[in-house]
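Residue numbers (this note's numbering), protein chains in the order written: chain A, 1 to 111; chain B, 112 to 225.
In short, the hints are calculated from the structure, not lab data. The reader is advised that the hints may include incorrect statements.
BS3-like cross-link-like pairs, simulated, lysine-lysine; straight-line CA separation at most 25 angstroms [said to hold, decoys possible]: (1) A/Lys-15 <-> A/Lys-110; (2) B/Lys-168 <-> B/Lys-126; (3) A/Lys-5 <-> B/Lys-168; (4) A/Lys-58 <-> A/Lys-5; (5) B/Lys-122 <-> A/Lys-42; (6) A/Lys-58 <-> A/Lys-110.
Predicted model, so just to flag it, every value in this text is computed and none were measured.
One-letter residues, chain by chain:
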Amino acid sequence: QQQVKQSPQSLIVQKGGISIINCAYENTAFDYFPWYQQFPGKGPALLIAIRPDVSEKKEGRFTISFNKSAKQFSLHIMDSQPGDSATYFCAYMDSNYQLIWGAGTKLIIKP
Amino acid sequence: GAGVSQSPSNKVTEKGKDVELRCDPISGHTALYWYRQSLGQGLEFLIYFQGNSAPDKSGLPSDRFSAERTGGSVSTLTIQRTQQEDSAVYLCASSRDRNNQPQHFGDGTRLSIL
Numbered sequence: 001q002q003q004v005k006q007s008p009q010s011l012i013v014q015k016g017g018i019s020i021i022n023c024a025y026e027n028t029a030f031d032y033f034p035w036y037q038q039f040p041g042k043g044p045a046l047l048i049a050i051r052p053d054v055s056e057k058k059e060g061r062f063t064i065s066f067n068k069s070a071k072q073f074s075l076h077i078m079d080s081q082p083g084d085s086a087t088y089f090c091a092y093m094d095s096n097y098q099l100i101w102g103a104g105t106k107l108i109i110k111p
Numbered sequence: 112g113a114g115v116s117q118s119p120s121n122k123v124t125e126k127g128k129d130v131e132l133r134c135d136p137i138s139g140h141t142a143l144y145w146y147r148q149s150l151g152q153g154l155e156f157l158i159y160f161q162g163n164s165a166p167d168k169s170g171l172p173s174d175r176f177s178a179e180r181t182g183g184s185v186s187t188l189t190i191q192r193t194q195q196e197d198s199a200v201y202l203c204a205s206s207r208d209r210n211n212q213p214q215h216f217g218d219g220t221r222l223s224i225l
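One chain only, chain B, in its complex shape:
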């Protein structure tokens, strides 16, 4: 596929469970971003990866959130001990590099915490 792919598209889980969200960026894009979008709200930056550099984790809301990017391609966002306030759409985007926009977005994972 030519676009950013995210899975699952929807995830429902119970409070306290761990969840993993996956992002497959556009081939050749070295920059990868995770955002959170609450219902009817704007985009909240979470974390940014650029090539093999250390990620910018400045947007992660708590230590329950973590992300990794293996081999400079696929990324996984993990939320441990989920809380109801974690319910949101999690969006992934990629770009050629951080100074080479635009960011291309996937359609997101809609996470619902019961």
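With the rest of the complex left out, here is chain A:
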């Protein structure tokens, strides 16, 4: 069964620190790796996404790093802020164009 393993399950970071969330996948057919952010009572919203032809993508304080040989990708949040407190989901697109989701990481940024 296709799956993506996301860690940690929860994370507490001091304001101004770096938040790091990791994901590992097993399958080989894919071309799109998004990260979604979800606030309580809301649906997930796309935060940042990467395609496997690049190893890193940065948008503001958010960076995705992609290691194709290790089948791993990660999200780094620089200068973490209390407003970043949310649940983060990684995903990848399989050969059937279906997104396979991680279980989520609940991030808390302490002021």
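With chain A held as given, fit chain B onto it using these hints.
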């Protein structure tokens, strides 16, 4: 509205009753997805519609679950003879087409089965 709209936002019903959940996708989006999210969990894929093609029902957990999409727009997810384990948030998402991400999500319907 510009976003995906879901109704109702909350639904409480008794075990054994049927429920219908509605999703109104972003105009022009041909792909529509239903997911289930249990408390503190990730997203469980249920069903996917792409234009007029036959839907991908591979994620439906039992034959009590069904969905339709009329006119390539609004979709309804129906759960018959609800059980307590059906309690969850049901999320709908749409995208321009299946290969044209991202998926845009509604805020979900929180379903509680008493």
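Quick rundown of the hints versus the structure:
Straight-line distance between C-alpha atoms of A/Lys-15 and A/Lys-110 comes to about 6 angstroms, which keeps the hinted pair within the 25 angstroms bound. Distance restraint check for B/Lys-168 and B/Lys-126: the Cα-Cα separation of roughly 24 angstroms lies within the 25 angstroms cut-off, and the hinted pair is therefore satisfied. For the given pair, A/Lys-5 sits about 24 angstroms from B/Lys-168 by alpha-carbon distance, which is consistent with the 25 angstroms threshold. Pair hint A/Lys-58 plus A/Lys-5 holds up; C-alpha atoms about 22 angstroms apart against a cutoff of 25 angstroms.
For the proposed pair B/Lys-122 and A/Lys-42, the alpha carbon gap of about 16 angstroms is at most 25 angstroms, so the pair holds. A C-alpha spacing of about 24 angstroms is found between A/Lys-58 and A/Lys-110, which places the hinted pair at or below 25 angstroms, so the restraint holds.
Of the numbered hints given earlier, the model fails none.
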